[in-house]
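Protein chains in written order, with this note's numbering: chain W, 1 to 295; chain U, 1 to 297.
Calculated from the structure, these hints are not laboratory results. The beta carbon of each residue, even a glycine, is placed where N, CA and C say it ideally should be. Any given hint might turn out to be false.
Distance ranges between label pairs, derived from CB positions [what the hints assert, rightly or not]:
| id | chain 1 | residue 1 | chain 2 | residue 2 | range |
| --- | --- | --- | --- | --- | --- |
| 1 | W | P183 | U | L94 | 30 to 40 Å |
| 2 | U | V257 | W | G152 | 30 to 40 Å |
| 3 | U | E55 | W | G152 | 28 to 38 Å |
| 4 | W | Q203 | U | G182 | 44 to 54 Å |
| 5 | U | E55 | W | S150 | 54 to 64 Å |
| 6 | W | P183 | U | G197 | 22 to 32 Å |
| 7 | U | P159 | W | W202 | 46 to 56 Å |
| 8 | W | V29 | U | P159 | 19 to 29 Å |
| 9 | U | G241 | W | R55 | 30 to 40 Å |
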Amino acid sequence: MQDGPHRHQASVRIRPKHYRLWLTIKYTVIYVVLIGGSAFFVIPFLWMVRSSLMRPQDIFSVPAIIFPWPTHWVNYPDFWNALPFGRFFINTAIVTFTVTAGLTFSSALVAFGFARFRFRGRGFLFVLVLATMMLPKHVTLLPTFLLFRSIGWIDTLFPLIVPSLFGSAFSVFLLRQFFLTLPLELDEAARIDGANSFRIFWQIAIPLSKPAVATVALFAFIAHWNEFLDPLIYLSSMENFTVALGLRFFVSQYSGTFWELMMAASTAAMLPIVIVFFFTQRTFIRGVALTGIKG
Amino acid sequence: MRPLRVRWRDIEPYVFISPFMIGLVVFIIGPTFASLALSFTRFEFVATPEFIGFENYAEMFAGDPKVWRSLWNTVYYMAGHIPLGMAMAFFVALMLNQKVWGQALFRTMYYLPSVTASVATAIVWSWVFNSRFGLLNNFLGLFGLEGPQWLADTRFAMPALIIISLWGMGSTIVIFLAALQGIPESLYESASIDGAGRVRRLWHITIPMMTPAIFFVLIIQIVGSFQVFTNAFIITAGGPGDATLFFVLHLYNKAFVALRLGYASALAWLLFVIVLVFTIAQVLMARRWVYYEGEIR
């Protein structure tokens with residue numbers, strides 16, 4: 001897969017009449033559509049940030065004030081103190097980091113098993129792994145809930161963490177595809193030097209697969225930071241809320257009022273994701289592309 | 001008799017794959033069958049499940065119009081979200097695949113909503129569509145148009161959710177763009193030599209070569225449409241008048257609001273069967289229209 005968009009199509013093509021005119025029209029249309037389209041994607045974010053920095057009476061003023069000036073920063077400490085948001089962020093961070101580390105490690109281990117060994121039932125078991133990707137989580141939701149209830153884990157963070165520690169089918173699939181591309185000679189050379197399988201996994205396969213590992217970790221991070229249904233059904237006391245659940249509680253309390261605080265809270269909730277995304281977008285986009293093509 | 005010797009070499013692979021296999025049994029296979037068992041019971045959290053045969057299923061098919069309503073809503077949502085999203089994503093990907101300045105920047109902007117999708121974006125959108133204070137109706141007002149009541153109007157609530165869903169088409173764009181960039185240039189060149197124009201090159205090369213990616217996106221989106229929850233829960237709570245009651249929302253209400261776990265399990269199994277049927281049908285139909293390179297026909 002080549003990364004750049006630049007392809008030179010005209011090498012053998014006969015240029016039609018009015019070629020330059022055609023190019024001008026074509027690129028004008030393209031830029032108008034692309035820029036117009038980005039408005040749809042970006043304006044809600046900008047409007048959210050703008051409104052989070054305004055006094056409530058200015059948000060809906062007519063004609064609309066575009067820039068939040070003078071900047072009303074106090075909305076941020078205000079929303080932060082309205083509910084224990086610090087606690088929510090800590091809880092979300094605990095869940096997200098534990099899950100990301102555990103899920104990535106287990107998935108890599110399983111993927112290595114499928115990529116590097118021949119064993120009875122391998123084909124069948126791998127199809128089974130893939131099949132679980134199609135299973136909606138809602139099918140298993142209620143028995144899983146009852147299971148966690150029976151061991152007293154309701155209103156703790158464990159139900160949000162533990163199921164993911166066993167790896168995810170999607171991650172296993174993605175990492176296996178990557179491990180398959182690593183040359184077997186590396187394993188053989190390491191074995192001759194006396195390395196066991198786990199060392200080969202940890203000291204050869206993983207370091208060589210950093211891009212794929214990073215992709216899997218990122219997907220896990222984003223998915224668990226944003227997760228809403230699990231916190232909603234498992235958590236009941238405020239001190240255990242995640243950011244997503246706290247935000248929903250906040251909205252249900254102040255629905256229709258305090259828009260400036262809600263926008264500030266929404267901005268803050270998204271901020272970690274946006275920062276992570278901006279620093280890792282290459283890894284990310286490569287990962288999405290990879291799953292789509294090989295899928 | 002040969003003594004039974006377990007060699008490490010033979011069990012090693014299973015040790016490597018064991019984490020997933022344990023998870024599979026405990027959190028997927030076990031609960032899936034437990035869910036089936038529960039679906040034949042009356043179970044309301046207190047007391048023990050009471051076996052009632054097919055009563056839940058009978059109620060589901062004959063005594064609960066909301067089941068059909070939620071399935072219809074899902075079909076309505078799919079009919080808007082999938083063709084619009086795929087066509088627009090395809091169009092944008094085609095344009096990004098030209099020599100455009102700022103390709104990476106556009107790609108980032110288009111993809112960003114796909115990673116932030118959560119309660120926070122749902123809040124922002126419920127405000128955009130707010131009939132009085134919302135961004136959209138104020139924008140329409142600049143042109144002297146009066147926008148509808150969107151989320152408060154049974155006719156416009158679902159279209160609003162479909163528009164919101166289009167916000168997440170960034171991942172489809174990225175998948176399509178990658179697929180476009182994987183089409184060998186030589187195909188276009190030989191077609192040009194044979195005198196194929198732009199439209200014919202698009203129709204006879206680009207689209208056939210894209211079918212694996214299109215198929216992948218289609219499957220993901222159909223399965224995903226049956227699982228819409230967060231946006232419907234936060235933005236409309238299923239209303240007004242069940243206009244945006246999605247299947248999983250109905251399941252959630254039955255399980256955690258009405259506390260009818262047995263009945264909700266029957267709903268879960270219906271969801272399972274529907275998704276299974278859709279997936280199998282897709283895979284079977286794919287043989288007719290998806291082209292995999294190197295495949296012999």
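Item to complete: List in ascending order the numbers of the hints, as given earlier, that are violated by the structure.
Response: 2, 4, 5, 6
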